[in-house]
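Reconstruct the complex from the two isolated chains, following the hints.
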Amino acid sequence: MAKSSSKFVYIVALTLFLGGLGYLIFSGLSEDSVYFMNVSEALAEDRGQVGQARLFGKVSPQNLEIVDGKLGASFDLIDKLEHDKSLRVQYKGALPDTFKEDVEVIVEGTFTPDGEVFVARTLVTKCPSKYEEQSKQMEQNKG
Amino acid sequence: MHLTGYVGLLFSLLAFLFLACWAGFSAWSKKENVLIFIERGQMVAAGGVLFSSFVLLVGLTTRDYSFQYVYENVDNALSFVYTLTALWGGREGSLLFWELIIAISGMIFVVTPGYKSLSTETKLFFWMFFLTIQGFFLLLLTGWSNPFIEIIPAPRDGRGLNPLLRNPGMIFHPPLLFLGFALYSIPAAAALASSIAGEEKSWITITRNWNILSWVFLTGGIVLGGWWSYMELGWGGYWAWDPVENASLIPWFAGTAVLHTSIIEARRNALQRTNVFLMSLTFLLCIFSTYLTRSGVIDSLHSFGKSPVAQPLFWSMILMLVITLMVTFLSKRTVHRTLSDFLSRQGMLVIAAWFLLALGLVVSMGTLWPVISQIWTNKPLGLDANFYNRVCLPFMSFLVLIFCYCPWLGWKGGVRNMKGLLIVTGVLVVSFVGLYLSGMTNVLAALTAAASVAAIVGIVLLFVFYPAMRSMRQSWGAYGIHLGLVLMALGIAFSGPYKVEEEFVLAKGESAMVDTYRITFTDLVQDGNVGDIKVRATATLEVHEGDKLIGIMVPDKRIYQNFERQQFAEVSTVPGLGDEIYSTLLGLTDDNKASFKVSVNPLINWIWIGGTLMCVVAFLLLRRMPKPGEDR
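From first to last, the protein sequence lines are chains A and B.
Take the first sequence: its position 94, counting from 1, is numbered 94 in the UniProt record's numbering, and each next residue is one higher.
Take the second sequence: its position 539, counting from 1, is numbered 539 in the UniProt record's numbering, and each next residue is one higher.
Chain B on its own, in the form it takes in the complex (with noise of 0.2 Å):
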């Protein structure tokens, strides 16, 4: 079965780069005869890839622990569910996810109007680039990451799956993150083929779906990521600006970048070498992301370890870098085209990808920070999450504040509703006054909200003063989006600087204020051997806002079997759309009393809801693909 499972990988490998050699000379040469041979050669090099994969499963689902790779990530008392999930759970397992993703997509993209309707040099040059990709990580799974290695004599159990990771989020954070990353490898190959080839048809309309599935997921998945850390680990936050987390943050911001300016070469023919260089860094950056969390290049929270395949993913995004900037600028564009005024939604489209592009910058520069910061000392110096507020809030800022104001801009220039402008603008002064003077002194954070109530506001308007936007499914996809967008800025907004936590002892009985809110630990009940946990102490937490009984709370400590060194909190809430009460059982005491730490985090719920809304309503921009022969 192991040798199985590699050989079927090996195959994939050498077919992918022979067929990628292949296209290459053949795109050079200028013959196109071969293209059939081509895309019938990559369905049948990524059945083997899809070969290994089912063998995998099958061990994993079979709990063949002679597989090493099983043996590390399943044990004999996992769920079902997660010994599936343990296909990606693994180092070695979601790298394999990655390229059966990205040859499932290129079995997809070859049967779609979209891809016949190019022209064969495209298509050639397409082939050339994305069975190298392919190429690529094969060579990593064949070598330096290795989920088929056999382990004689096969152990009677696994090591298992920590407990904190059985999670829901968990589940599906990194699958998301994958599809992202791995469907972003269509629309990269893609531009840059048609650069090479001087395309006349245009990449941006052609891989339009892929590149909002791969913003949808990854987006998903990085919202996903934060749920699972707001209620999994129990510390009361979301996001901690962790290398790790940063990861996956910094291909999110350029891929939303060209999503902008797409838009402007689609309707213009504008920034075209901006759009093909966009697209390429966007995917190379998810190369990136998983370079920074397999490399150990920087330390992190999460304990992600070194790996021997950080030098080849480190010398691949050189490679890519030089590739990409040679087509950027060698290229010849087919149009010439020059943007409009800069107050017009055009306009408003670069400054926002100016602002995107420059978080990712940030952020990116952020993370190396400890790297970069050893050319001049030999004491790294690394930025803590103060600098990232500091610097990434306003920007933040600034894009909720461009949106408030582009929808009433001509598409050209000069202004093309007056009257939207003018309330956006009351309800944006009003809203601002109104927060600072009820006791939002924050002023980043008071204009935030306030461009957001704006924003809100502005969006209803739209759809009032233009009837025809009601019936047009686009419209109401890329306002929806932004509407997750402002509800997401807003319940930063509020749950960031105005999180109230306190952390106190209480025997049973005793109470104590957070916030407005009473907290009382009424009980305290110990029990164990339920399902896999071992033991478990439960307390009964009252909430009360005033007299008023407001909800129960019922934090827990366990531990579970296989983990008897370790205790794990379960998180309790009072959910609201207003205050959500949080609570995390510490510890308890022999005489026993426990504690807690509890807080009052006002609108974090927006947060789900408005990364929900646009990852959801994204699906809406989804279009059918112009057929061969068909323009748009």
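Same shape as in the complex, but just chain A (with noise of 0.2 Å):
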């Protein structure tokens, strides 16, 4: 049998640590929480009130400029579903390898207060896994 003693130092130390463990978590929670949104849910919000957000959807063929020689890139956002749905990006960092029009990418930013242009802080398009269905375009393109 343990010396009750133990035991109570045990209880302790478990308080402790899920004291400091439900610290954590809550400051993270509140802190570092963003939305996720698609561009649909993301046009029925009023975007100047929304702070971080994370909106996935696909590159717009139309209005996409890449500046040659400099970094970043102005594009729509086209919510995956409804095509005809789009929001303005504004990125100024490295493009991925990955990145043009219809791919898939997830950009993390904030809307500006207008509510008109979402200035993203980081932009990824969906990497590709050996598990993903092939694009459509692909198959075109070895007709």
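Don't read these hints as lab results, they were simulated from the structure.
Keep in mind the model is a prediction, meaning the values are calculated, not measured.
Virtual Cβ for every residue (Gly too), placed ideally from N, Cα, C.
Treat the hints loosely; a few may be bogus.
Straight-line alpha carbon distances no greater than 30 Å define the calculated BS3-like cross-link-like pairs of lysine-lysine that follow [claimed, not checked]:
no., chain 1, residue 1, chain 2, residue 2
1, B, Lys116, B, Lys30
2, B, Lys534, B, Lys593
3, B, Lys593, A, Lys100
4, A, Lys100, A, Lys80
5, B, Lys508, A, Lys92
6, B, Lys499, A, Lys100
7, B, Lys419, A, Lys7
8, B, Lys412, B, Lys201
9, B, Lys31, B, Lys116
10, B, Lys201, B, Lys116
11, A, Lys100, B, Lys508
12, B, Lys499, A, Lys92
13, A, Lys7, B, Lys201
14, B, Lys201, B, Lys30
15, A, Lys92, B, Lys379
16, B, Lys593, B, Lys548
17, A, Lys92, B, Lys593
FRET-style restraints, in silico, Cβ to Cβ [what the hints assert, rightly or not]:
no., chain 1, residue 1, chain 2, residue 2, range
18, B, Leu437, A, Val117, 41 to 49 Å
19, B, Leu84, A, Thr122, 33 to 41 Å
20, B, Thr516, A, Val117, 31 to 39 Å
21, B, Val44, A, Gly22, 52 to 60 Å
22, B, Ile552, A, Glu116, 45 to 53 Å
23, A, Ser27, B, Ser29, 51 to 59 Å
24, A, Ser27, B, Ser119, 50 to 58 Å
25, B, Leu3, A, Gln90, 54 to 62 Å
26, A, Ala44, B, Trp376, 13 to 21 Å
27, A, Lys7, B, Pro308, 45 to 53 Å
28, A, Val117, B, Trp376, 25 to 33 Å
29, A, Ala44, B, Phe51, 48 to 56 Å
30, B, Leu325, A, Ser27, 26 to 34 Å
31, B, Phe18, A, Ala44, 52 to 60 Å
Which residues of chain B face chain A? A few of them, derived with a C-beta cut under 10 Å, are [as the list claims (entries may be wrong)]:
no., residue
32, Asp341
33, Val350
34, Ile351
35, Phe355
36, Gly366
37, Leu381
38, Leu383
39, Lys597
Printed below as a string of structure tokens:
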């Protein structure tokens, strides 16, 4: 039988441990949460009031602006399902290899105060996986 | 061929389910004379899985595009190696590979002395669980995820493999993960069976090697995935806390926790129920990992896509959780033992397990937060990398600290070597102050780095103070793994917060500074038609530190045949055990300027060295299993 003081120490330690874990999780949740939205969901919001957000969508072939010799791009991000809904995105960093028209991207950042443009801090294209469905365009390329 | 392969799987499915029911019924009704038939039956049924896998392999190597699976994963230009690896490269093939490993594991386990030493009742319950797991996978393979679908007429060429995946890291990363996941089925089924049957022999001892091997493969898979991401994707990082990355890490935390708590059961016979629960939970989390990557429940950077196996996987997890909880709480414990003092090696193992399980919980919760948050809001909230870093990094630092002190405590309490304890404490304090004063002002990073240094010194001291350890394979294995871990921690503590990254556009002859290094763009060569590369632009970057040339980098940008609308970058590095310089060619302009991303990553290679060490030395922990009638 273990000493009761030993059991008490375990209980105190577990309480402290859970307290620390709870504090870290709570502070993380309150400070590091971002809205996950599709374009159509973002359009339904008061975008000027949305803080940090992560948007999911596809790069529209129209109005895609990439300046040679400069980093970054401006483009319309269209909803994955409702293709007539779009948002303007500005991004100033290095573009990933797989960035191109019609590719699925995830952008994280904030809207301008008027809600018209999404200023992306990060831009990532969906990483290819061995398990992905291949795109129809690749099929067409190969004839 | 297609039908033959499918029939092989169908035969195995029916046989496994029949044998599982038979084993379960026989165990409940105490009919023990059927075991030999069940053991032989599972061998024959496993043969069906082997046969079907062989059929698919033949389809791949002969590039028989009448197999939809071959068409989707291979093309005429793909090299032979990647054609072979397509066996586990696609969605259906990867599930078949999972099942193939489980089937082979069962064939091996049945002839081991450990299995033979179990009581007949435990064996029957083992087969009930183990064969049901196999039946479930075959249900997926014959229903929702069939690798033997035929295309008529057969196409002349396949779709091929994305060039980003043509990397040695990607040859080994997926199968290592699947090996880890699949091998956990043996200890999990043995734990549940032993618990129900009240087995006298310790399942912890009997499945020890399986548990270690599962952990080694899972660890290797995760580390290789990070290395591939760093070397192939060109973003300069190795871990993004993406749901798909997290998916493999969650079972790793549980599996690592059970490795620690099982030591307590092996030495003190305590924590019996905890270990049964954790072992089963680890395998359940492997299924959860597959669910996360295939269900589309969370939007990930990885385009795994939604798969029809999501629902069956979800319900199988619920069922397995119910069974695990029932077995854990309803089964009888053979011995009641309580834990020793908190400040003992045993106590520290428990604390380490708490930290590991908490990390698993945090990562699971963070990954599922967009789903969980929908309970109270219609705007799903997700968590970015800052959340994981904020919560996980302090816990990981504490784990390294625990390891600094654990070896110096007695097994049941007290300090076993005060001299060692004081030296390690001294090293910790001096390292921390030294690192802080030399500019490492991120307290958590400095503490982790100092704890890593103290832990390394501690390991050396242990082998100095206790000469007997030098001749013990187990000691080299256990402390080697922890040495690998602290080297990784050291690499993460430096390369994470102290990475310097710049993006710039240069004309030939121009230079830019990154940290203390001068990067000069000296040449650009364009060529093409090299293997399956259609066009390639290769830049030459000279790296100087002061006036000294320390290396040349040749990042390139290429377009592959069959992927003409997409450019791929190959990164180039000046490798080093201190700073590693890393470059990516981002693009070219019409006036022959080029844009680059260059970063200086301090101590990053220690992550790969530490990870490799962890996996390799773990083999030293494997040991001969006790023969029937022989106790350890």
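Hint by hint, here is what the structure shows:
no.	hint	verdict
1	B:Lys116 with B:Lys30	holds (18 Å)
2	B:Lys534 with B:Lys593	holds (22 Å)
3	B:Lys593 with A:Lys100	holds (21 Å)
4	A:Lys100 with A:Lys80	holds (15 Å)
5	B:Lys508 with A:Lys92	holds (23 Å)
6	B:Lys499 with A:Lys100	holds (28 Å)
7	B:Lys419 with A:Lys7	holds (28 Å)
8	B:Lys412 with B:Lys201	holds (24 Å)
9	B:Lys31 with B:Lys116	holds (18 Å)
10	B:Lys201 with B:Lys116	holds (11 Å)
11	A:Lys100 with B:Lys508	holds (27 Å)
12	B:Lys499 with A:Lys92	holds (20 Å)
13	A:Lys7 with B:Lys201	holds (28 Å)
14	B:Lys201 with B:Lys30	holds (19 Å)
15	A:Lys92 with B:Lys379	holds (27 Å)
16	B:Lys593 with B:Lys548	holds (25 Å)
17	A:Lys92 with B:Lys593	holds (18 Å)
18	B:Leu437 with A:Val117: 41 to 49 Å	holds (45 Å)
19	B:Leu84 with A:Thr122: 33 to 41 Å	holds (36 Å)
20	B:Thr516 with A:Val117: 31 to 39 Å	holds (37 Å)
21	B:Val44 with A:Gly22: 52 to 60 Å	holds (53 Å)
22	B:Ile552 with A:Glu116: 45 to 53 Å	holds (46 Å)
23	A:Ser27 with B:Ser29: 51 to 59 Å	holds (56 Å)
24	A:Ser27 with B:Ser119: 50 to 58 Å	holds (51 Å)
25	B:Leu3 with A:Gln90: 54 to 62 Å	holds (55 Å)
26	A:Ala44 with B:Trp376: 13 to 21 Å	holds (18 Å)
27	A:Lys7 with B:Pro308: 45 to 53 Å	holds (50 Å)
28	A:Val117 with B:Trp376: 25 to 33 Å	holds (30 Å)
29	A:Ala44 with B:Phe51: 48 to 56 Å	holds (54 Å)
30	B:Leu325 with A:Ser27: 26 to 34 Å	holds (32 Å)
31	B:Phe18 with A:Ala44: 52 to 60 Å	holds (54 Å)
32	Asp341	holds (5 Å)
33	Val350	holds (8 Å)
34	Ile351	holds (7 Å)
35	Phe355	holds (8 Å)
36	Gly366	holds (8 Å)
37	Leu381	holds (5 Å)
38	Leu383	holds (6 Å)
39	Lys597	holds (5 Å)
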